[in-house]
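Going down the list, the protein sequences come from chains A and B.
Per my numbering, the very first residue in the first sequence carries number 1; after that it's consecutive.
Per my numbering, the very first residue in the second sequence carries number 1; after that it's consecutive.
Hints are supplied without guarantee of correctness; some may be wrong.
Straight line, CA to CA, 30 angstroms or less: simulated DSBU-like cross-link-like pairs of lysine-lysine [claimed, not checked]: (1) B/K479 - B/K8; (2) B/K788 - B/K442; (3) B/K442 - A/K155; (4) A/K155 - B/K8.
Not the full set, but computed from the structure, chain A residues with beta-carbon under 10 angstroms of chain B [stated by the list, open to error]: (5) V69; (6) K102; (7) S108; (8) F167; (9) V173; (10) H182; (11) P184; (12) M195; (13) C200; (14) C202; (15) A204; (16) K210; (17) A211.
Derived CB-CB ranges, DEER-like [as the list claims (entries may be wrong)]: (18) A/G131 - B/V779: 30 to 40 angstroms; (19) B/G444 - A/N147: 51 to 61 angstroms; (20) A/S126 - B/P738: 52 to 62 angstroms; (21) A/G131 - B/S139: 33 to 43 angstroms; (22) A/E218 - B/G562: 33 to 43 angstroms; (23) A/V120 - B/E432: 43 to 53 angstroms; (24) A/N147 - B/L561: 43 to 53 angstroms; (25) B/V637 - A/S126: 31 to 41 angstroms; (26) A/S126 - B/S139: 58 to 68 angstroms; (27) A/P79 - B/L58: 33 to 43 angstroms.
Please keep in mind that the hints were generated in silico from the structure rather than gathered at the bench.
For each residue, glycine too, the CB sits at the ideal point set by N, CA and C.
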Amino acid sequence: MADDDPRPSCDDAACMDSCGAHPEHLRASRREFIKGVIASGVAVSSTGYIVLGRGTAHAQAAGSVGRLVTLNVNGRDRPVDVLPNETLIHTLRYKLGLTGTKLGCDHSECGNCTVMIDEVATYSCSTLTHGVRGRKITTIEGIEGPNGELHPVQKAMVEELAPQCGFCTSGQVVSAVALLKHNPKPTVDEARLAMSGNLCRCGAYDHYLKAVMRASREA
Amino acid sequence: MAYNLIGKNFTPVDVVAKVTGRAKYAEDFRADGMAFCKTLTSPIPHARIRHIDTSAALKIKGVLGILTADDVPSFPPPQPPILVKDETFYVGEPILAVAAESEEIAAEAIEAIKIDFEQLPHVTDPLESLFPGGPNARSNGNVAAAQINLQTVKWDAGDFAVAGDDKMPLGKPAEEWAYGDIDAGFKAAKLIIEESFVSAGYAHHSMETRSAFARWEGGKCILHGSNQSHTAAVPNIARLIGIKPEDLVLVAEFCGGGFGSKIPGYPNMAIAALMSKKINRPVMHRISRMEEYGIGSARPSFQGHVKLGFREDGKLLAADLYIVQENGPHIGGGDFRSAGNALSIVYQPDAMRWRAVPVLTNTPPVGPQRGPGENQFVPIFEPIMDKAAKELGVDRLAIRRMNAPDSSSKIGSDRGPLTSAFQKEALDKGAEMFKWEEKKKKSGQRNGTKVTGVGIGQGYHSAGSNGFDGIVRITPDGKLHVHTGVGNLGTYSHSGTARVAAEMLNYAWDNVIIERGDSRRGLPWNSNQAGSLTASTESRTMYVAAMDAKEKLLEIAAQALGGAPGDYDLGAEKVVSKADPAKSISYAQAAQKAMEVGGKFSGKEAPKDINPVTKHGLDMIAGSGLIGVAKDNLPRVGVTPGLTTTFAEVELDTETGKVTILDMLCVADCGTVLHPQGLANQIRGGNVMGIGLAMLERHVYDHKLGLPTNVLLYQSKPPTYLDVPAEVGWGAVDKADPQNPVGAKGVGEPVQGSGAAAITSAISDALGGHLFNRTPVSVDMILNFLSKRPQAHKPLQINTV
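Required output: the full structure, derived from the provided sequences and hints.
Here it is as structure tokens:
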């Protein structure tokens with residue numbers, strides 16, 4: 001943002017937006033947020049959010065005790081306190097601040113929450129965090145290269161203008177990356193089948209598929 | 001006309017954030033001291049609330065407050081309430097909200113609240129409510145819509161007796177219009193076709209549920225919401241919260257799908273805002289997928305009847321359409337009206353009558369969904385056109401072409417003009433690209449258990465408006481800031497239209513910054529991102545703002561370099577003397593000078609006719625550069641139609657009933673193409689949604705209990721990768737609309753209708769012309785037909801399996 005810009009600068013405490021519009025502020029805010037999360041994450045079990053957001057509180061009644069574990073997320077070991085019934089998306093979004101993984105249904109139906117566990121595409125809404133200790137977890141935040149360069153799948157999705165609203169895109173990217181790790185040269189039908197666990201209400205399947213095939217060609 | 005930017009692909013500003021997960025949606029925000037909120041929703045379809053006891057809940061440690069109908073603004077019915085007070089109208093309707101230190105505590109508190117309900121008769125089928133003595137969805141009426149007051153309408157038992165089970169009874173409508181002489185038309189007709197039909201409603205199921213996060217700072221409410229529009233939504237959301245529009249800061253940079261369900265804000269947004277005010281803490285209100293089913297809106301069902309009279313050559317002489325709309329419990333949608341307009345424009349009957357009644361039901365609130373009304377109607381109508389063609393011995397493409405609109409055609413009851421229509425060209429181009437003449441020979445061909453069908457569908461939605469405002473700003477670093485109040489529904493039209501301003505000012509795209517998504521960014525009053533409006537409407541506002549900036553640039557050049565403004569022209573990001581090209585002032589310098597001169601040049605003085613929202617936005621940026629700001633006063637006479645046609649080839653397995661789409665191609669009459677890749681994505685995505693409408697999606701209710709039975713995605717069946725072809729072909733007529741400065745028209749909605757209609761037409765073709773007169777055409781319906789078994793539902797039943 002230019003110094004002479006008279007717009008109220010974004011000093012919004014909740015704005016961690018990394019869209020690039022105001023990077024200075026965002027870096028600061030993100031740092032503070034992560035600091036906060038780490039500080040609170042080892043101190044308390046609850047984040048305030050219901051696991052599996054479906055109403056009843058009984059499963060998480062007072063007395064549920066978290067346990068400090070170490071998760072390998074995007075190549076880094078992350079200590080975090082995890083409840084017995086906690087799902088991976090809950091840990092990722094609400095304890096580790098990795099909000100790129102989206103919660104679309106919380107019922108293993110839409111694939112918006114797809115992450116990789118040891119390079120296999122997995123619905124994080126239906127994976128218990130305790131079950132993936134010692135495994136390699138990769139979220140959308142871990143897909144870019146070490147210097148922030150886009151992965152060939154991400155690059156292809158930009159070039160094909162694959163996303164529309166973008167809410168399912170993180171999951172689509174992760175599923176495509178997982179597919180190409182196992183099958184670098186899929187046919188269109190193989191790609192369709194591999195991606196079929198990812199719903200897109202905008203119906204941008206055609207463009208996502210084209211991006212998968214382009215990434216396969218250009219990787 | 002040759003453009004540098006318009007009509008070319010580009011990388012929109014927000015797409016990298018989407019593929020990297022950096023895009024922040026409402027529920028991705030946090031704040032220190034954030035509290036959580038959950039709603040208690042109605043477990044029964046229709047009930048009186050006798051008493052609410054919150055005493056036990058309030059004693060739970062960590063509960064911070066309860067919000068009831070008494071704490072929130074109320075609106076006269078049938079406007080949807082934020083929280084219901086005395087009567088609840090559908091399963092999932094919010095009654096009260098609890099805030100607590102955590103969601104767990106809020107949920108525990110909700111379980112501790114006791115409500116004494118008196119169950120009332122409920123209704124999920126409009127015809128049942130119209131029957132004498134039938135149940136009403138509300139204790140004070142059963143018919144209402146926008147511009148139709150809440151009232152009780154009962155038809156005569158005789159209307160039902162005459163119709164029997166197979167035909168729709170035609171009782172007294174709530175609204176009607178007519179033009180021409182339909183009786184004469186039917187008398188002159190060679191062929192008359194009469195059909196009753198059902199179009200099933202279904203949920204929007206936007207991937208992002210409508211979570212909201214709110215807090216208050218300095219008397220202003222800062223609301224992070226999932227909204228498909230931006231500035232157009234601000235006054236309505238402020239009204240829901242009960243504050244002035246200037247006291248609402250709406251942050252909505254991304255919207256995870258809306259499809260019409262998140263146009264001008266919605267009641268749920270006010271809950272987080274008002275709870276935050278009440279407990280003086282930031283409040284996060286997450287909405288689950290199940291909650292979204294209740295409050296996330298749905299496309300209304302139609303029960304209808306159509307009578308058509310054709311001349312020997314296929315010309316449609318007369319049409320008589322009647323629609324009963326399942327309107328949900330509140331104000332609902334205007335789909336019934338749009339369906340009438342769609343028939344009047346797409347098929348151009350010489351004479352037509354339209355009648356309708358929107359009936360309230362104890363099902364989730366309905367509202368606009370992509371092509372509301374038009375898209376329910378055309379998938380029913382196109383197979384009927386095929387039947388007419390067959391019976392008259394006319395070619396299926398020819399009958400559509402003959403009845404298709406051109407730029408001299410009219411629309412609706414008042415026979416209003418169109419700004420342009422090139423549907424015949426769209427049909428011709430589609431037929432050529434799809435190789436219709438070859439493909440149609442495959443109609444009915446058998447291959448083992450499989451039979452081929454080919455179909456044609458058409459779609460329409462009005463696709464342009466006018467009278468909104470534009471703001472552009474050139475800063476002393478030479479950058480062009482395009483301020484847009486357009487939302488981010490995923491169409492990239494915020495950028496596509498911004499390129500019109502850049503084009504008019506000779507800007508390189510790399511030097512353009514788009515300011516959007518946050519009320520604090522100086523945003524002008526723009527249209528809803530809905531109704532296929534943005535491309536046409538906002539290319540106009542971008543144009544007028546750019547022209548205002550251009551005028552100011554020329555004036556500044558004259559002031560700085562001497563002479564008159566007319567002595568100068570715009571060069572490559574500089575103002576150049578026509579007589580001496582060496583004499584110039586850069587845009588950066590002009591911006592600096594504009595700031596020094598002030599007044600209108602730097603936005604310190606505003607045009608008198610701009611909207612107060614624009615003025616509010618302008619005040620935030622005034623003085624920071626050379627500012628172009630103007631209201632779109634360009635002339636526009638008539639309806640701007642977006643028109644499409646889709647061709648489809650399907651293979652229907654007569655043993656399993658499965659329909660596989662082998663080929664699908666859609667051509668749009670959307671004026672000048674602004675952004676080919678964005679258009680391709682809209683066309684393809686719309687056709688995919690059309691497949692859902694045609695074959696998969698519908699509300700299902702337990703009729704006796706009034707309970708929804710397919711709430712989640714797996715049961716609602718939105719199309720997946722495996723339900724749709726790997727590729728949908730597309731094309732555009734690409735003829736400029738003469739009433740738009742760059743020739744643009746919108747197209748986001750008709751693509752779904754034409755896609756759905758091409759599928760129903762192709763399925764009917766595969767079955768030798770059988771008319772199901774119902775969407776979705778499900779596998780079991782196909783199998784029942786093939787095995788000569790009765791269908792599982794009566795012809796006019798809705799909300800059935």
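Structure-based check of each hint:
no.	hint	verdict
1	B/K479 - B/K8	holds (21 angstroms)
2	B/K788 - B/K442	holds (25 angstroms)
3	B/K442 - A/K155	violated (40 angstroms)
4	A/K155 - B/K8	holds (19 angstroms)
5	V69	violated (21 angstroms)
6	K102	holds (7 angstroms)
7	S108	holds (9 angstroms)
8	F167	holds (3 angstroms)
9	V173	holds (6 angstroms)
10	H182	violated (17 angstroms)
11	P184	violated (19 angstroms)
12	M195	holds (5 angstroms)
13	C200	holds (7 angstroms)
14	C202	holds (5 angstroms)
15	A204	holds (5 angstroms)
16	K210	holds (8 angstroms)
17	A211	holds (9 angstroms)
18	A/G131 - B/V779: 30 to 40 angstroms	holds (37 angstroms)
19	B/G444 - A/N147: 51 to 61 angstroms	holds (59 angstroms)
20	A/S126 - B/P738: 52 to 62 angstroms	holds (55 angstroms)
21	A/G131 - B/S139: 33 to 43 angstroms	violated (51 angstroms)
22	A/E218 - B/G562: 33 to 43 angstroms	violated (55 angstroms)
23	A/V120 - B/E432: 43 to 53 angstroms	holds (46 angstroms)
24	A/N147 - B/L561: 43 to 53 angstroms	holds (46 angstroms)
25	B/V637 - A/S126: 31 to 41 angstroms	violated (56 angstroms)
26	A/S126 - B/S139: 58 to 68 angstroms	violated (43 angstroms)
27	A/P79 - B/L58: 33 to 43 angstroms	holds (37 angstroms)
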